[in-house]
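**Student:** If you read the protein sequences in the order shown, they are chains A and B.
The first sequence begins at 315 in my numbering and counts up one residue at a time.
The second sequence begins at 315 in my numbering and counts up one residue at a time.
Fair warning: there could be bad hints in the mix.
Since the list gives no way to pick out one identical chain from another, each pair is judged satisfied if it fits inside one copy or across any two copies.
Unchecked claim - Below, simulated DSBU-like cross-link-like pairs (lysine-lysine); rule was C-alpha separation at most 35 Å, straight line: (1) 436 - 670; (2) 647 - 665; (3) 538 - 659; (4) 659 - 647; (5) 647 - 436; (6) 665 - 640; (7) 659 - 467; (8) 664 - 538; (9) 461 - 665; (10) 641 - 665; (11) 641 - 538; (12) 665 - 468; (13) 647 - 538; (14) 640 - 468.
Because the hints were derived from the structure by calculation, they are not lab data.
There are 2 protein chains.
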Amino acid sequence: MNLGILGGGQLARMLALAAYPLGIRTICIDPNPQACAQEVTRVVTADFTDQVALQNFINSVDVVTYETENIPLACANEVAQYRPLYPSADILNIAQDRLHEKIFFNSLQIPTPAFAEINSEKELENAVSSIGFPCVLKTRRLGYDGKGQMILKKTADITPAWQSLQNSPLILESFVPFEYEVSLIAVRNQEGEIRFYPLVLNHHTQGILRYSEAPLNASLLQEKAENYLRLILEKLNYIGVLAVEFFYDGQQLLANEMAPRVHNSGHWTIEGAQTSQFENHLRAIFNLPLGGVQPIGQSFMLNCIGEMPPLASINLPGTHYHIYGKKPQPERKLGHITLVDLNSKDFNEKKTALLKHLS
Amino acid sequence: MNLGILGGGQLARMLALAAYPLGIRTICIDPNPQACAQEVTRVVTADFTDQVALQNFINSVDVVTYETENIPLACANEVAQYRPLYPSADILNIAQDRLHEKIFFNSLQIPTPAFAEINSEKELENAVSSIGFPCVLKTRRLGYDGKGQMILKKTADITPAWQSLQNSPLILESFVPFEYEVSLIAVRNQEGEIRFYPLVLNHHTQGILRYSEAPLNASLLQEKAENYLRLILEKLNYIGVLAVEFFYDGQQLLANEMAPRVHNSGHWTIEGAQTSQFENHLRAIFNLPLGGVQPIGQSFMLNCIGEMPPLASINLPGTHYHIYGKKPQPERKLGHITLVDLNSKDFNEKKTALLKHLS
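In isolation and in its complexed conformation, chain A is listed as follows (with noise of 0.2 Å):
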């Protein structure tokens, strides 16, 4: 079984590193000759765009996968004239735009923030007043870890923000004064099964993931967000894992963002749950037996960024250390740390010794 993957950077390697048990060889192209999943796998450097490389790409495996929904959806769509892609390039095409997004969560009766489509200063005005301060512009496509955001606080900060970022297509929503931020992690294989990890509670700074914790234990919300997923993960035929990240403020979760792959929130599962999410997603488009999801134990994970602290300088016994083999640069995330507690006894102790290496 050959799988291709779009995209070779962690998430790719993480993949490849989950496929080799299972008999599962993977093949990654990716436009930058320094894509970090090369240490563990063939990675093809190619533009997404270059059809010849692409075409022996296809050629070269069974089922073809993606790391990054940035990607173009005319190369999401010629793969999947020649072999089956999961998630399929509808999907992608709804979870590159947030606008595309939103408006799916709220056609199935998702709540998500207020929101609107922006394409005029004017536009932007007339939203700002309906939607209120403060508010969110961003961009519409290809905006990740923070960038391509400005958040507006007052009538004068309409006018900056809309010069910055008025080159692209951009969406108005109104900023959630969130208690906290959550995701749900799902996996549905081709027979339709679903199993649904346990909710993470997640920890942003300048919109970038800092650290997870899972479980959160709050059943109530688990059970509103499985029922979301199941409305999403069935309307789309939704093969792979889906991870939909959530605000909770206070009252009731608010879908944020969904991403059709495996997610940064859900790396804890490697040690921490009984079935990777790597190797789950894995399992669905190949339509094998799920594996189970059943956390082990508590787990915090840290993303190491800008900088990944010596595997020497972290000494407690149940940690694990995940490099991703990229060069240093700030903002980059260059490898996770994931602590897994089997007894909780010590866990605030461990994580709080941990929290030092956040960078």
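Following the hints, complete the assembly by docking chain B onto the known chain A.
**Tutor:** Chain B only, in chain A's frame:
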């Protein structure tokens, strides 16, 4: 950090997969052009006695280890001249030879089955009369998975056994009517920090490990076995993972053999313990803090010999599939499947379901 591995079979493969997240790159050397680690890492195809290949291999790595004790001692000594070799060549010298091994065990007051060195048919006859039937004639070196062994049950068996094995140095051992076989896996780093995994219950047929279960909850035996391994580790200033197999005859543990490396009976630790034996071996030889060895539930590992059940046929949520990428062949270990049970309610049913795949 670059690690050289002497041997490129499944143990090297699993070491390489455990090495990537730690930022350790591996290179193997193996005479077999089909060595299965090459699917996941670089394997130099060369004989261990090929001086040029060996020197290039040495030059490309920082530390060296081995995945089999059947490495020519000259090769290990050559490596050790240029790079740290863990465990050391001295240890290899003991572990390569069943006679050296048993003499060494006894020198530390670790009980073993009765044994005698055999260099002639006459010596065999004398040894049989002192040890008694049943007994086992074994080659001292290069025996594994039941190869190079003959059981003697009566006087008429002596001459045929001698004729069949006389071309190798031999040892005669008492055949222990054991209640069960167990193994203890320990890890020690350069600081002298030691951790012991829980005892594993092993089931062999025709000299090949078929399945294992851990933990064996037997605290007195655990303590006894830990004391024995501590003696060995400290006597040898041992660095890395060590496995010792014991017979338990209902009264005491009798050391059968030791493996100075990661061991088949420790494969369950990949998912069934806080840290796998592979990661802890790497941590030990790079002098990193050792990972925890706590079991996360009850584990059962089935070796897949001669034939690998298809992944799609294993529909048990807590199971983990490990195919090694080897060409199927009778008696060949092609992979293993581990069941990790978190709540132990239906463990026996699941075990029974898995045992249907026993080859």
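**Student:** All the hints need checking, so say for each whether the structure fits it.
**Tutor:** Do the hints match the structure? See the list:
no.: 1; hint: 436 - 670; in the structure: neither (46 Å within a copy, 70 Å between copies)
no.: 2; hint: 647 - 665; in the structure: within (20 Å within a copy, 41 Å between copies)
no.: 3; hint: 538 - 659; in the structure: both (30 Å within a copy, 29 Å between copies)
no.: 4; hint: 659 - 647; in the structure: within (30 Å within a copy, 40 Å between copies)
no.: 5; hint: 647 - 436; in the structure: neither (37 Å within a copy, 70 Å between copies)
no.: 6; hint: 665 - 640; in the structure: within (25 Å within a copy, 42 Å between copies)
no.: 7; hint: 659 - 467; in the structure: neither (43 Å within a copy, 56 Å between copies)
no.: 8; hint: 664 - 538; in the structure: both (31 Å within a copy, 32 Å between copies)
no.: 9; hint: 461 - 665; in the structure: within (28 Å within a copy, 50 Å between copies)
no.: 10; hint: 641 - 665; in the structure: within (27 Å within a copy, 45 Å between copies)
no.: 11; hint: 641 - 538; in the structure: neither (40 Å within a copy, 48 Å between copies)
no.: 12; hint: 665 - 468; in the structure: neither (38 Å within a copy, 64 Å between copies)
no.: 13; hint: 647 - 538; in the structure: within (31 Å within a copy, 46 Å between copies)
no.: 14; hint: 640 - 468; in the structure: neither (39 Å within a copy, 65 Å between copies)
In summary, the structure is inconsistent with hints 1, 5, 7, 11, 12, 14 from the numbered list given earlier, while agreeing with the others.
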